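If you read the protein sequences in the order shown, they are chains A and B. Anchor point for the first sequence: position 39 equals 39 in the UniProt record's numbering, and the numbering is continuous, going up by one each time. Anchor point for the second sequence: position 179 equals 179 in the UniProt record's numbering, and the numbering is continuous, going up by one each time.
Just so you know, these hints were derived from the structure itself, not from any lab. Among these hints, one or two may not hold up.
Here are the computed lysine-lysine pairs in the PhoX-like style, where the Cα-Cα straight-line distance is at most 20 Å [said to hold, decoys possible]:
no., chain 1, residue 1, chain 2, residue 2
1, B, LYS208, B, LYS29
2, B, LYS29, B, LYS39
3, B, LYS193, B, LYS208
4, A, LYS330, B, LYS76
5, A, LYS259, A, LYS244
6, B, LYS180, A, LYS331
If you're wondering where the values come from, they're calculated on a predicted model, not measured in any experiment.
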Amino acid sequence: MNVVTRGIKNAVRSPIKTGAIVLMFAISIALILSMLVARGSVLRKVDEVKANAGTSITITPAGIVGDQGGGEALTTAQITIIKNTANVSSVTSTLTDRLGTTDTNLTSSLALGSFGARQQRFEAPNSSASESTGAAHPAPTSRINVTGTSDPNSIATNGGVLTISSGATIDGNSSDNIALVGATLATKNNLAVNSTFTAYGKTITVKGIYTTGNAFQDSGIIMPIATVQTLTAQPGAVNNVSAKVNSSDNVASTVATLKTTLAGKADITSQAEQAATSVSSLESIATLTLTGVIAAAGAGALIILLAMILVVRERRREIGVIKAIGGSNKKVIGQFIVEGLTMTVIGAVIGFALGIAVSGPMTTSLVSNSQNSASTTSPTRGGGPGAGGFEGGFARAQSQLTTNLTQVSATLTPQILMSAIGITLLIALLGSAIPAWLTARIRPAEVLRTE
Amino acid sequence: MLTVDKVSKSFTTPGGTVHALQDVTLSVKTGEFVSIIGKSGSGKSTLLSILGALDTPTSGSIIVDDTEINTLSGRKQTTYRASKIGFVFQQYNLIPNLSALENVMLALEFGGYPASSRLDRATQLLHSVGIEEDQQHRRPSRLSGGQQQRVSIARALANQPAYILADEPTGNLDSVTGKKIFDLLHDLSRSQKTTIIVVTHDLDIAGKTDRTFTLQNGKITTK
């Protein structure tokens, strides 16, 4: 029998006491592990959401969303300010309009339906009656959405390049009377590449047919922004700007700068900003779990420390005897450290098993509780009818973001496991250091004198 | 040869300084069986602790086989206790969760005895003090007082010490068992020429030793 065997044997000397200590320690280890797993999973999700949030900033005239609201469109001077703002790498400007039956020879491919009819009830022949009753009167036809943009790809719903099913894309910086026509609208009006149609009293040439998979977008027309500005007699007007920032780290500061320079003339939002708000509850969980890890580690160290102090005090005489019969301080301390480590290892094994079992449900519970409370307090923002492509995509991204936030899967990574083992070893070290020091201070003569 | 020269030991207590030993001088020859008697608080156990290097004197010196043990480093004092001294206590002081055999083997480990032969040596020692094989695997709590003291003596003899220091070895035993234990110690001193110093209250036992020292208020009054 050597120091190690004696230490292990001593650890199980009093099964009930050791069992109670091990159980308490195992619970604290389980808490540490499950908190580390929850923290790791939540932080990964936060990083993922932030990384996917992109570097786009949306700037719309104050009070205007798409074709709704009221106020003044953004001006050329304001667009210049945006372009010249530090860290803004590119700007896509959009001006949307809707073509009525008097504006074009095209027929809308969208059915008006009860929703469209209600939206146009104010323009119905006896509008005063409809206003008072709230009843919808049939409108002549639904409108055709026109998007003037400096970058036709900004209409793509997948965030990438616009799919051109026939013909070629157009130059957004052109001022020619050219257009890309949505596939549904083209079919409805028998339009093909190089066909022409009339809009705003001018002849427009179809350069390409596009598809997005979105019924609203595929029933619209895309033109260069300058063309739409000219045709609608709104020189320089813009009702939506998508500005790209050079780094995700600069999004927040750029938003702040633009809010100052545009001084209330525009509403400015960014996916990153929205994502930051959305993930704030997850970040709170990360903070909470870190506090939990520290508290559980402290409790674990205290349990081992107090248990070992009690053991040392209880066995003062025995330690004195061991020293009296020739046991060195090194051997006695070694024996007590092994005893402490044995309890730590048994507790850690049980704690790890327990922690792995509860970390999944605990993470899910923490995240769902947090998201439930966040969803009741967070304002939501929709694109609205007639909203620009980016605006609509933004709303969809937000909805997706909210859904994704609740989908946090608890994963025990090797890094987390190593952290948990490291913390356990630290606890064992802290819990054994003071008892070992107490052991070394015991003088056999003092113990034996009490006989 | 063990020589104690003008050894004093004082303790500072809240009530003032206590002089446990005052200028104690004595010498014990190799193989001698001596006893130290005295009332409670006379300094007997303190003297035994100092002889066993468990405590250090306030002044004076203890020379054991030409080595002044009170000036040795802590590590050397531990080695001295492990190799030269065997302790026998009134309360036996066996390690409760170790069997009789393991208690003896523990002393052998501290004395640097080779691991491969510890078991044989411990078994032989326990036999020699009258502990049968079935008793050797019992824990102290399952042995009688007399048997525990025999195990304690076997443990003290483990490393063939030159000196056995016994503090009231029969104090917790009935007279018959106490006599047997005394006889065992006596036989050892004769057969192995081990120097034995016994602290006792029992004047009958003291009377059977080669020499008796009487301690009174920390001073040797009779040699």
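Going back to the hint list, which numbers does this structure go against? Hints 2, 6 not satisfied by this model.
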